[in-house]
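> The lines below spell out each chain.
There are 4 protein chains.
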Amino acid sequence: MTSVLPFARSAREAAPSSAAIDALTDALAAQLAATAIARDRAGGHAAHERQLIRDSGLLSLTVPRELGGMGHGWATFYRVLRRLAEADSALAHVFGFHHLQLASILLYGNEEQRERLQRDTIEQGVFWGNALNPRDTRLVARPADGGGWVLDGIKSFASGSVGSDRLTLSAVLADSGELLIGALRTGASGITVQADWDAFGQRQTDSGNVRFDKVFLPQADVLRAPGAAVTPRSALRALLAQMILVSLYLGIARGAFDAGKRYTREQSRPWPASGVAAATDDPFVQHRYGELWLHVRAAQALADEAALRLDSAMQQLDTFTFEQRADLAIAVAEAKVLAHRAALEVSSQMFELTGASATSARHGLDRFWRNARVHTLHDPVDYKLRDIGRYRLSDTWPEPSSYS
Amino acid sequence: MTSVLPFARSAREAAPSSAAIDALTDALAAQLAATAIARDRAGGHAAHERQLIRDSGLLSLTVPRELGGMGHGWATFYRVLRRLAEADSALAHVFGFHHLQLASILLYGNEEQRERLQRDTIEQGVFWGNALNPRDTRLVARPADGGGWVLDGIKSFASGSVGSDRLTLSAVLADSGELLIGALRTGASGITVQADWDAFGQRQTDSGNVRFDKVFLPQADVLRAPGAAVTPRSALRALLAQMILVSLYLGIARGAFDAGKRYTREQSRPWPASGVAAATDDPFVQHRYGELWLHVRAAQALADEAALRLDSAMQQLDTFTFEQRADLAIAVAEAKVLAHRAALEVSSQMFELTGASATSARHGLDRFWRNARVHTLHDPVDYKLRDIGRYRLSDTWPEPSSYS
Amino acid sequence: MTSVLPFARSAREAAPSSAAIDALTDALAAQLAATAIARDRAGGHAAHERQLIRDSGLLSLTVPRELGGMGHGWATFYRVLRRLAEADSALAHVFGFHHLQLASILLYGNEEQRERLQRDTIEQGVFWGNALNPRDTRLVARPADGGGWVLDGIKSFASGSVGSDRLTLSAVLADSGELLIGALRTGASGITVQADWDAFGQRQTDSGNVRFDKVFLPQADVLRAPGAAVTPRSALRALLAQMILVSLYLGIARGAFDAGKRYTREQSRPWPASGVAAATDDPFVQHRYGELWLHVRAAQALADEAALRLDSAMQQLDTFTFEQRADLAIAVAEAKVLAHRAALEVSSQMFELTGASATSARHGLDRFWRNARVHTLHDPVDYKLRDIGRYRLSDTWPEPSSYS
Amino acid sequence: MTSVLPFARSAREAAPSSAAIDALTDALAAQLAATAIARDRAGGHAAHERQLIRDSGLLSLTVPRELGGMGHGWATFYRVLRRLAEADSALAHVFGFHHLQLASILLYGNEEQRERLQRDTIEQGVFWGNALNPRDTRLVARPADGGGWVLDGIKSFASGSVGSDRLTLSAVLADSGELLIGALRTGASGITVQADWDAFGQRQTDSGNVRFDKVFLPQADVLRAPGAAVTPRSALRALLAQMILVSLYLGIARGAFDAGKRYTREQSRPWPASGVAAATDDPFVQHRYGELWLHVRAAQALADEAALRLDSAMQQLDTFTFEQRADLAIAVAEAKVLAHRAALEVSSQMFELTGASATSARHGLDRFWRNARVHTLHDPVDYKLRDIGRYRLSDTWPEPSSYS
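If you're matching them up, the sequences are chains A, B, C and D in order. Using this note's numbering, the first residue of the first sequence is number 28, and each one after it goes up by one. Using this note's numbering, the first residue of the second sequence is number 28, and each one after it goes up by one. Using this note's numbering, the first residue of the third sequence is number 28, and each one after it goes up by one. Using this note's numbering, the first residue of the fourth sequence is number 28, and each one after it goes up by one.
These aren't lab readings, by the way, just hints derived from the structure by calculation. Mixed in with the good hints there might be a few duds.
[Stated by the list, open to error] Some but not every residue of chain C turned toward chain B, in silico, with C-beta under 8 Å: (1) 141; (2) 227; (3) 297; (4) 349; (5) 379; (6) 383; (7) 386; (8) 388; (9) 400.
[To be verified] Pair ranges (Cβ atoms, derived): (10) C:297 / A:69: 46 to 56 Å; (11) A:388 / B:348: 25 to 35 Å; (12) C:297 / B:349: 54 to 64 Å; (13) B:68 / A:351: 38 to 48 Å; (14) D:346 / C:162: 50 to 60 Å; (15) C:60 / B:68: 21 to 31 Å; (16) B:304 / A:255: 28 to 38 Å; (17) B:164 / C:71: 21 to 31 Å; (18) B:216 / C:223: 31 to 41 Å; (19) B:69 / C:71: 15 to 25 Å; (20) D:342 / A:225: 43 to 53 Å.
Each residue gets a CB set at the ideal place from its N, CA and C atoms; glycine is no exception.
Start from the sequences, fold in the hints, and give me the full structure.
Have a look at this one:
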């Protein structure tokens with residue numbers, strides 16, 4: 028059993044400064060980086076590293092100070108996330124999805140739930156996972172006798188589920204097909220988390236299947252009632268989620284860029300026909316690094332802007348409108364397309380600049396492409412491009428959905 | 028003769044607010060747009076429109092308030108420039124180069140020159156042109172008897188020279204080949220401005236040849252003495268110039284995007300095989316607009332950032348270092364590569380989205396590509412990419428030059 | 028009036044060899060090239076150059092020897108067409124569309140029409156134009172008293188109409204909307220050819236509007252009866268037409284490549300930062316020429332293959348099936364997408380390799396992009412890509428249409 | 028021990044027809060495909076599958092019939108190679124390099140060696156590997172007392188060395204640095220083949236290090252004497268080798284395309300926002316398949332052409348000139364750049380079209396990218412592009428080298 032240190036300790040102190048957060052992040056990133064290649068090879072559940080994340084206190088990063096958290100905003104969160112993803116995009120994903128579930132509570136839950144579940148998170152040191160995959164409708168909810176619901180079925184792509192303490196979940200009503208969202212202890216009776224995630228990338232995201240067998244969901248833990256209308260507030264969750272992907276893609280892109288650069292500087296030999304003494308002096312190598320860097324640079328600029336806007340939206344939830352949401356959704360989509368491409372292009376093309384010897388498995392440099400490739404399939408980039416073009420051409424808003 | 032209204036009138040009033048500048052700019056842009064297609068077709072010198080620029084007062088935009096100017100910073104200038112370029116990138120170029128010559132005075136000149144020449148600019152309503160092309164070394168300076176210099180030769184690509192009141196110029200010393208920079212009245216004895224610019228784009232930039240026949244340059248008007256060492260301050264000029272190009276490219280890209288969009292919305296017919304009722308509903312059309320927009324969007328984000336940094340550097344000239352300059356040069360180069368591509372891609376690909384009827388000469392939609400194509404050849408994009416890659420790979424600074 | 032030399036002279040001799048055709052073509056191309064820049068600038072109708080085409084005898088290239096023509100196949104025709112397009116893609120277009128109308132007669136007409144109209148072509152030296160634009164349905168046919176039809180309305184994009192001797196045309200029936208295709212003398216009563224083509228490229232293709240005012244079309248000159256079923260044979264015409272576009276795009280791409288190369292070799296100066304003595308030694312210049320060449324090279328390989336297959340299909344018209352047509356349509360579409368891109372990419376990017384001085388209007392180098400840009404809008408490249416992908420993915424045939 | 032069936036059996040029969048070769052190839056490809064995913068995961072030496080290759084008889088494909096081989100030309104060989112690479116690009120590589128060593132004997136060896144070594148190949152069922160890496164100069168040759176040479180050192184990237192019967196090798200002379208090429212039994216005293224290849228792709232190519240410890244190379248087995256002049260004949264080897272890479276890249280590209288297509292057809296779900304009932308009906312999916320196919324298609328067209336030209340050169344070795352070689356080298360380089368890109372683009376982008384579930388390790392679909400990525404690093408694509416551009420721009424021949 029991993030020891031669970033409640034995060035509440037941090038609540039007794041002043042909230043850490045931005046610089047302190049960065050220092051915590053760098054330290055955690057260094058710990059993750061030290062074993063990232065080996066763990067990518069091994070796959071499976073990274074219990075020890077999840078404990079390192081717990082120990083860092085960063086699971087409380089976005090929880091308000093009055094509830095015992097660090098009380099930092101979402102722009103800070105995304106900066107931390109991107110930095111962790113440079114070192115290990117799988118564990119960063121698990122970390123990001125923990126905060127996404129906290130956001131779900133914030134956006135969907137009522138006041139009592141928000142306070143109770145966030146406070147629980149701090150006091151019990153909760154690591155959240157999810158069973159929310161909106162395209163998987165096999166989890167069915169039926170009214171329980173005496174109130175609440177009974178859940179039966181399965182949810183796939185349940186990131187962070189293995190080793191989690193609690194789960195958010197979505198289920199469809201047996202009769203109406205309407206969607207319900209709730210929160211449960213992972214150890215609740217009838218829940219079986221299957222450690223069966225076997226993708227070729229993002230291998231330690233614990234994103235397998237979760238089975239529900241006559242699981243009871245009390246009414247008090249229903250965050251979003253069946254048939255609840257979509258509001259600008261609730262529709263923000265998809266944007267926070269998309270922005271997590273943006274940050275992970277960017278972290279992969281930057282991690283790959285830096286790893287490639289290090290290899291070229293330290294190990295690559297100049298190509299004979301180049302006539303130069305060092306690979307770093309080859310004009311084609313320099314030119315390509317320029318191209319790759321521009322992928323990272325442009326995506327980062329749009330991502331920084333979108334993160335700031337999301338942060339600001341989260342501070343004005345009560346006045347946030349659908350129109351503002353549409354424009355913000357497009358800003359996030361713009362960052363996402365560029366980050367998607369940056370991650371794929373840099374992680375694949377970096378090898379043109381390192382040479383063949385960099386493909387030795389001991390360097391583990393292919394993990395960047397594998398991680399990018401798996402994760403960028405979350406939802407199709409073509410529909411993002413369509414949404415962007417349609418908005419710029421005709422002012423048509425993207426439909427609020429789990430993906431846009 | 029065009030009437031010259033001295034700009035000094037504006038000095039008697041409070042400096043216009045940022046919003047007032049935007050209003051002035053919009054009004055001027057609308058005036059230029061009204062005749063842009065016809066004037067692109069006609070080519071030659073746009074005397075009337077240059078007068079509109081004079082009348083707007085915006086030639087004093089970057090001149091300090093204490094010298095009678097509007098006293099706005101360089102970030103504002105680049106915003107104005109980009110906006111004008113959306114309407115007419117040739118006249119915007121002339122406008123931009125006027126301010127570049129003012130910056131040359133500021134960066135190269137001594138205190139007396141800075142005050143005198145800026146004050147002259149305001150009081151006499153001076154429109155500056157240039158004869159500074161650094162790759163053209165045919166203009167030769169020889170010491171004059173009794174001090175000062177005698178200039179003989181020719182300068183090509185002298186943007187804004189036709190119709191200018193004064194010129195900055197560079198010449199090489201006959202014996203040492205060292206470079207001298209000075210300022211002269213365009214009407215000075217021996218100067219012949221040739222209205223012989225005949226490129227297929229940017230047709231009204233008045234960028235032809237200027238001949239110098241025994242022209243006397245007083246020592247007091249030498250801004251940069253032969254053999255003067257490059258300083259971080261003097262080396263800023265190239266970055267201001269590059270950023271003018273960035274702004275013009277971006278203006279062209281945005282102007283083309285908006286023109287294409289307007290055509291698709293108002294005139295394009297849906298393609299029969301699309302099965303949709305309006306061209307704006309065609310998924311491929313939407314997707315491509317998404318792609319084109321991302322070109323504009325990314326370039327704009329990097330350009331905005333670089334403009335702010337340039338503005339800030341101009342406010343700290345005395346402490347500006349070569350190291351800061353290197354990093355800023357790369358930021359400008361990054362924006363330039365993206366703006367270069369945005370201008371070319373949008374201006375060429377917009378037609379895929381309008382259909383064949385948009386190629387009628389009466390719409391003048393090809394002018395965006397022609398303007399982009401001509402102007403983006405100022406200096407090769409490949410050496411920008413090399414500089415960027417080399418810096419990111421090896422921390423090598425771009426050599427301070429007229430282009431980097 | 029241009030003198031019309033009947034082509035029949037050539038029928039008295041043996042058909043020219045392939046080498047002789049190439050020599051004729053080279054001579055004609057050289058004549059067209061000599062004035063191409065000036066005529067692009069002037070626009071309008073190129074009466075003299077159309078006469079040069081007549082005089083070359085190549086208007087009889089695809090007419091069978093037994094009817095007095097040169098009797099060459101379609102692969103030869105496309106080779107000739109591409110070569111002419113390298114020199115002048117507008118006149119090449121007019122030449123290509125003459126043969127397309129001959130193909131229309133061959134594919135749509137009955138035996139009597141085929142013999143009569145081809146023989147007329149030879150004996151009377153007919154230059155064919157077209158009024159067939161399938162998307163323009165404003166030309167309406169009504170039954171004439173006593174048989175035949177009366178035509179009223181207008182046809183746009185009627186390439187080669189000005190200065191033509193005869194026209195093929197399509198009209199829709201007033202009541203049923205069914206399509207009828209016929210052939211008429213351009214000078215027939217009621218036809219007004221408007222020399223109003225004003226696109227910014229392909230300026231001398233005489234592609235303006237043709238008006239029909241109570242024009243009588245005898246039944247004997249109806250090539251395709253209203254409501255006639257589409258056959259593999261009749262559906263070949265669209266492929267021949269598409270392949271004409273491929274050849275023109277390729278000619279433009281190759282013409283641009285060669286013009287750029289000549290400029291770089293003879294006039295470009297090396298960039299100072301390159302450290303090389305000649306622009307041709309700059310590694311980035313070499314690299315980009317490699318990229319541009321690959322655009323041309325790949326398109327040419329697919330085009331050659333498609334032309335051979337079309338030629339072979341034209342020799343087996345009686346056994347040609349819809350299935351064969353589908354596969355051939357895809358082969359043509361593949362060549363078309365690559366030729367489309369080659370023309371646009373080379374004609375725009377060649378300037379990166381020549382430098383700014385190449386944009387002087389006297390070199391006329393922008394005409395390649397303008398010609399490519401206008402002509403590649405004939406039908407959208409995205410639907411070609413869709414057709415190709417759909418066929419390779421699901422074996423779905425492209426719908427036989429005027430474009431696919 | 029693997030049993031070695033001498034290939035000579037096939038010499039007793041008539042040479043197999045082209046169709047028979049294709050049938051043999053298809054059967055072998057099917058055998059390899061059956062275990063390709065599992066063996067990619069396992070890595071290491073594929074003894075069983077190398078035996079299947081031996082058993083197929085195809086190791087004698089390019090050996091002349093008079094020496095007991097199948098006597099097929101190089102165009103056939105490349106077709107077979109590409110087909111095998113679609114199924115398993117690692118084993119195809121080993122197969123291809125066997126024939127490359129046979130070509131080395133043919134091109135470098137004298138008449139006696141050519142006959143003896145080819146005959147040995149047939150009679151003893153020799154599987155050739157190589158220790159020829161030209162960039163690794165650590166293998167040193169010193170004159171042996173009494174003639175011949177003594178070899179000491181190491182060779183890296185020795186493809187096919189593990190499990191081979193014989194090796195070709197290159198060594199540098201201790202004093203002059205001149206290059207010597209020879210052939211030896213893999214089991215010769217002092218040779219240690221290290222099964223230490225650990226790249227993340229092409230995992231079963233047995234491309235590790237070979238150590239030489241006082242290994243004796245008789246003079247009779249020196250294929251290329253130190254200091255031997257480069258001839259058009261000997262310089263053909265590099266082109267044959269490059270064309271092997273082209274064929275492998277193409278095989279990977281095509282294999283990936285077909286695997287992606289199969290997944291989309293059979294398993295992908297339509298994206299909700301697409302509004303279509305099957306993923307194959309999504310216009311964006313169709314469009315992207317069109318793009319990916321064009322990568323394959325264009326590369327294939329150039330590769331087919333280059334293979335035919337190589338085949339023809341191999342039949343006219345005595346009259347082959349450096350000028351012909353230069354043009355052929357460019358043709359191969361053109362095919363190589365397109366095949367390089369096709370392999371990388373298709374193997375990475377195919378996932379956009381399959382969706383996230385296709386990344387499950389059990390499908391093994393990432394192996395295409397890993398194989399492409401590792402193998403395309405053989406020599407830098409940028410120098411191919413430079414060679415192509417330089418040749419097309421200035422008629423400069425690529426320097427005959429091991430790579431160009």
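> Now tell me if each hint is right for this structure.
Quick rundown of the hints versus the structure:
no., hint, in the structure
1, 141, "violated, 30 Å"
2, 227, "holds, 4 Å"
3, 297, "violated, 10 Å"
4, 349, "violated, 18 Å"
5, 379, "holds, 7 Å"
6, 383, "holds, 4 Å"
7, 386, "holds, 4 Å"
8, 388, "holds, 5 Å"
9, 400, "holds, 6 Å"
10, C:297 / A:69: 46 to 56 Å, "holds, 54 Å"
11, A:388 / B:348: 25 to 35 Å, "violated, 44 Å"
12, C:297 / B:349: 54 to 64 Å, "violated, 27 Å"
13, B:68 / A:351: 38 to 48 Å, "holds, 43 Å"
14, D:346 / C:162: 50 to 60 Å, "holds, 56 Å"
15, C:60 / B:68: 21 to 31 Å, "holds, 26 Å"
16, B:304 / A:255: 28 to 38 Å, "holds, 34 Å"
17, B:164 / C:71: 21 to 31 Å, "violated, 43 Å"
18, B:216 / C:223: 31 to 41 Å, "violated, 52 Å"
19, B:69 / C:71: 15 to 25 Å, "holds, 19 Å"
20, D:342 / A:225: 43 to 53 Å, "holds, 51 Å"
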